[in-house]
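Colleague: Listed in order, the protein sequences are those of chains W and L.
To convert, note that position 248 of the first sequence is 247 in numbering that gives the first Met the number 0; the numbers rise steadily by one, no gaps.
To convert, note that position 278 of the second sequence is 277 in numbering that gives the first Met the number 0; the numbers rise steadily by one, no gaps.
FYI, nobody ran anything at the bench for these hints, they're computed from the structure.
Check the hints yourself; a few may be wrong.
Said to hold, decoys possible - Derived DEER-like restraints, expressed as beta-carbon distance ranges:
#	chain 1	residue 1	chain 2	residue 2	range
1	L	Leu14	W	Thr304	56 to 62 Å
2	L	Glu167	W	Glu59	55 to 61 Å
3	W	Gln80	L	Leu14	35 to 41 Å
4	L	Leu128	W	Ser126	53 to 59 Å
5	L	Ile79	W	Glu59	27 to 33 Å
6	W	Ala106	L	Gly184	55 to 61 Å
7	W	Ser126	L	Ala168	48 to 54 Å
8	W	Gly182	L	Arg90	55 to 61 Å
In this text, a Cβ means the ideal position worked out from N, Cα and C, and glycines have one as well.
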Amino acid sequence: MSIRVDGVSKSFGAFKALDNVSLDVPQGTLLALLGPSGSGKTTLLRIIAGLEWPDQGRIEEDGTDITDRHARQREVGFVFQHYALFRHMSVFENIAFGMRVRKAPQAEVKARVDELLHLVRLDNLGSRKPAQLSGGQRQRVALARALAIRPRILLLDEPFGALDAKVRVELRQWLRRLHDEIGMTTVFVTHDQEEAFELADDVVVMNEGHVEQRGKPDEVFDKPATPFVMDFLGNVNVYHGRVENGLAFWHGVPIDYPDYPHAQARAARVYLRPHELDIARAPAGGGPSAGPEGTSLPATVLRQTRTGPITRITCQPSQGGSEFHVDLPSAAARELGLQPGEAVSITPRHVRVFLPDPEYVI
Amino acid sequence: MTSKPRDAATATSPLGLLLLAGAVATVGLLIVAPLASVFVDAFSNGPRAWWEALAHDPDTRHAIWLSLTVAPLAVLINTIFGVAAAWLVARFRFPGRSLLVSLFDVPFSVSPVVAGLALVLIFGRQGLLGPTLAWLAVKVIFAWPGLVLATTFVTLPLVVRELIPVMEAIGPEEEMAAVSLGANGWQVFWRVTLPNIRWALLHGVVLANARAMGEFGAVYVVSGHIAGATDTMPLRVEKLFQEYRTPASMAVASVLAALALLTLVAKVFIERQLETESKELEAARAPGADTDPTTGGLGP
């Protein structure tokens, strides 16, 4: 089942939750809606499910307009953020609910629920109440309950948000495998980029009610389309510099930027990812030095922090200015053996520049 | 309410003992003694006289029957109104919402006698709707519909007030989940909403019933106290007392008092259930303990 969202807008009072959003989800895709809270991603998910009505725009399933179809008739499996399990029902009855309201025969209900309990690895817990389950187990009951009605689309709202780190990673991998097995069109909402990148075929980054970028995880990460995406993905050095004559300037260091060939200088925001900066011990005598790929920036090491396989070196330009980070594989950092206070030269390998957009405010 | 403060000091200090004595004296004098005296007086001529006072006086019999009809009717109306209104307030946002919630409380602040008079002014023969009702040949004031109206009025806040906070705490997610699973409105209500609010609802119903059975002021005004026709139990108690038939009056009063004690027991039981449920709700919101062995077994 493919989904098409066409020009959907939705306001809650004065708050514009969605502003003319369009989106295609091809059959069998696992798509992530990624964005900060208030970006409209949950509203969009609920509109697809029929739990909210759009003020404008259409929702299509396989080319059929279903905008006016009630949630009850959409055959959508929805997993809520806090699972929304029926507290007074057993796990079995929770999963059976969708079939019970359809008046399915008892034998069929029993067979289907048992099958799903097995699928979500909760074979012996059918008689428990939701309150007696762990977070991860509840999550899987919610999923089984949504799958029980044989939905054509699966929608998940922050499916792993309330779980602790270890369980989250396990469930994530499990969900990916499950998706590969049953191949159902799946959309999930998350504010966690790691989750989106690891799990999804396609990532849609949302902000303030509109889509900032859509692409494969690699595309979004390597080629952020907007300053917002760049900032949201985080882990980036931002510098308020300028562009002119095909060059961007970072602390006075010119970096190739052919997208702006004009002679007139313009203020611009310059983004450098910490792992795209080369760091070397400064040659004795100091002073600006020319690297092989262009001019380098003389800087001083302030400190080093190791987080597992990556070591982050915090530096400050020698001529003053704001601190920035350089990421190195920890083995390389150990080999280099820099000490705080040492002079280094920094060579940017890659830069991204966003010209100021008057409407864009961080 | 039922949980004991864990670290409270035992009341053995002079101040503690003083407060304890004060509390016991107040409760004893204002609550236990009058209640006990009702039963003592009611049975002063023996249980046989008590029974005869209740069962052999046709007017008293009628009053008991009328109370047992009017109160459940009022409670039923209240229950339907309360659930619908609480759903409206807890699940929807609309202009005037907080004004509406404040209006639910009016019966608490208006004197029941005033409420009764207001009903007479609207539904009475000379009232606003008087001509219409006369044309329809429906008698409201000085008849049982008036009693139901007055009783409903004074008990109106009890069910809805009980339900709003509970429904707000539960949130709409379970209902939305039910809808997305294909349930229609009735199925959502009967299978999800009602089971979730059942104890709060029962609490409201018990309180409303107790209030309905005991209501005097508003009912007094609209009933016209016609013995054998529009006298409810509290009105009968008063009438018998005015006629110097104290033992008979106390016999009826003892039935009301027994009902109150029954209500108290039911209330304590329901409040325990409510407490358990609210703890469960809390637990369901918390990210459950993730140390169970089954989560580890997700491998292919």
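Colleague: Each hint should be assessed against the structure and marked as holding or not.
Modeller: Going through the hints against the structure:
1. L/Leu14 x W/Thr304: 56 to 62 Å: Hint holds: Cβ distance 58 Å, inside 56 to 62 Å.
2. L/Glu167 x W/Glu59: 55 to 61 Å: For glutamate 59 of chain W against glutamate 167 of chain L, whose Cβ atoms are near 36 Å apart, the range 55 to 61 Å is violated.
3. W/Gln80 x L/Leu14: 35 to 41 Å: 50 Å Cβ-Cβ, so the 35 to 41 Å window is violated.
4. L/Leu128 x W/Ser126: 53 to 59 Å: 57 Å, holds
5. L/Ile79 x W/Glu59: 27 to 33 Å: 41 Å, violated
6. W/Ala106 x L/Gly184: 55 to 61 Å: About 28 Å separates the Cβ atoms of alanine 106 of chain W and glycine 184 of chain L, which means 55 to 61 Å is violated.
7. W/Ser126 x L/Ala168: 48 to 54 Å: Given a distance of about 26 Å, which is not inside 48 to 54 Å, the answer is violated.
8. W/Gly182 x L/Arg90: 55 to 61 Å: 36 Å, violated
Consistency note: the structure conflicts with the earlier hints numbered 2, 3, 5, 6, 7 and 8.
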